[in-house]
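> Under mature numbering (1 follows the signal peptide of the UniProt record, and there is no 0), residues -27 to -1, 1 to 498 are what the sequence shown spells out, in order.
Derived by calculation from the structure, the hints in this document are not laboratory data.
Computed list of lysine-lysine pairs in DSS-like fashion (alpha-carbon distance at most 30 Å, straight line):
1. Lys165 with Lys106
2. Lys492 with Lys165
3. Lys492 with Lys106
Label pairs and their calculated CB-CB ranges:
4. Glu434 with Thr222: 45 to 51 Å
5. Pro442 with Gln479: 33 to 39 Å
6. Asp172 with Ala344: 37 to 43 Å
7. Glu444 with Gly300: 32 to 38 Å
8. Glu73 with Pro342: 55 to 61 Å
9. Ala364 with Asp476: 36 to 42 Å
10. Gln143 with Asp332: 41 to 47 Å
11. Thr76 with Asp476: 41 to 47 Å
12. Gln246 with Gly480: 22 to 28 Å
13. Ala344 with Ser61: 46 to 52 Å
14. Ser61 with Asp476: 24 to 30 Å
15. Thr415 with Ala344: 23 to 29 Å
Model, not experiment: these values are computed from the prediction. Heads up, the beta-carbon is just placed ideally off N, CA and C, and yes, glycines get one too.
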Amino acid sequence: MRTHRSTGVRRRWRAGASSAVALIVLAACGGSGDDGSGAGSEEGGAEGAAEITISMVEDADTLDPTFGQTFGGRYVFMHMCEKLYDLSPDLEIVPQLAAELPTVSEDGLTVTIPLREGVQFNDGEPFDAEAVKTSLDRHRETEGSARAGELGPVAEVRVADPMTVEIALQQPYAPLTAILADRSGMIMSPAKLEELGEDFTQDPSCVGPFDLVERVVGDRIVLEKSDLYYDADQVHIDRVTMRPILDDTVRVANLRSGEIDVIDRIPTTEYAQLESADGITVDTLPSLGFDTLMLNTVDGPFADVRVREAFELALDRQEINDTVYGGLHSTSCQPFPGASPYFLDDLECTERDPQAAMDLLAEAGVATPVAIDLVLLNNTLSTRRGELIQAQAAEAGFEVNVRPTEVGTLIDDAAAGSFDAVVLTWSGRADPDGNFATFEHTDGGQNFGKASDPDVDAAIEAARTVNDPAERATAYAAAWELARARHSEVVLMNPNLLTGWRDSVQGLQLVPDGLIRLKGVSVTE
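Please work from the sequences and hints to get the whole structure.
Spelled out as structure tokens, the structure:
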């Protein structure tokens, strides 16, 4: 057993610049020797090939960067769809498919990005400025795109020369580089987009160290090393199998037995046991993310702000953390994580007050108990948390129905507004805008509760134009004060990343975004 403590919980970092099981076998990808039966993924690849099996706490939704909305999707994309920029372990924004950090015109309205040369997509198509423009325009303009809000200030994407892209902005947009270090910066093969269109998810092709060869929804995603990857010498693994396993006990047992090599989000109930287990390394690291309750502000009981406020007053964040998570996370009532320079040190969270909650319900004139439909992921600890929320809220005039839901259905229900409250786990972004605007701006991609307030929108948009870090901190603090007053979401905690892996896995280095990188990682016998 080895235990890593990557840093303290309050480490500071610098801010840079559905569901039936369906089998998809991608015979056209080549290299797997699979006969189409799917059996190859169970037994491994070619003799002597280095393989790794990773457990995911949730499945991916779509494998299309334009539409993806889950952490499970990001987890897979990390290995097969590179971005213009990435995050270093110290959370510096660094070039990935871009050749260097962007240059910005004096007026802040033109961003120039030179591109890495000698790069191919995994289908053999060349990577160039036209390809970047095609993907960025698709992210911006496609109906239903989850990236459109992130790229809203972009007026135009231009090809300056074959290996240089210019992005014209409607106004200065400080978060842009950080946004291009996430799904908005993922570049897809234009040939594959032209071939498949909205069905890109069935056979995605990007630039990345691995390529998709098989997916069984709800069971496994199998990737194989790409021979076309520009940095293939740094890829020491030939085959990656990613398995969504919702039962925490099974996940941990599989790690112990060696069926799984890496698990993320170790259940807090099992963490101490794994710390003392032979042949296993565990690591804890402060995350960029937060867990939040998104409330439906348009339909149902939470359309009244007083009912929303009452629900927050019904909850005890510390009891949730202690009872469900063994106190291993940090309670929070803001979207800015404790490790961030934008963290609001002086912000006081609402204390639980069932009587005050019932007084607000009486003022709102609603009959009690107020029936609430609470949607959450169908894994062990998420369900336990929902049951504790149910018990706490019952003492304050609410009757909560806990509805554990598979991740794809959860996202569909959230997007359709088919909920009163939904628990979301946000893995976090390095830039404060990425943890805030997507939930609170009227046009935010994760604003499932449909909260809308021109003052909040204006405050967010103003903050986006500010480059100075101190001024940005002030601007986002003011914007959060406005947003928090409408109680459209109830932030619960800032989780720590609890990851475990077999000692046979060498070179694994965690990043606070919670996404495992496999470049430089090797597996020994």
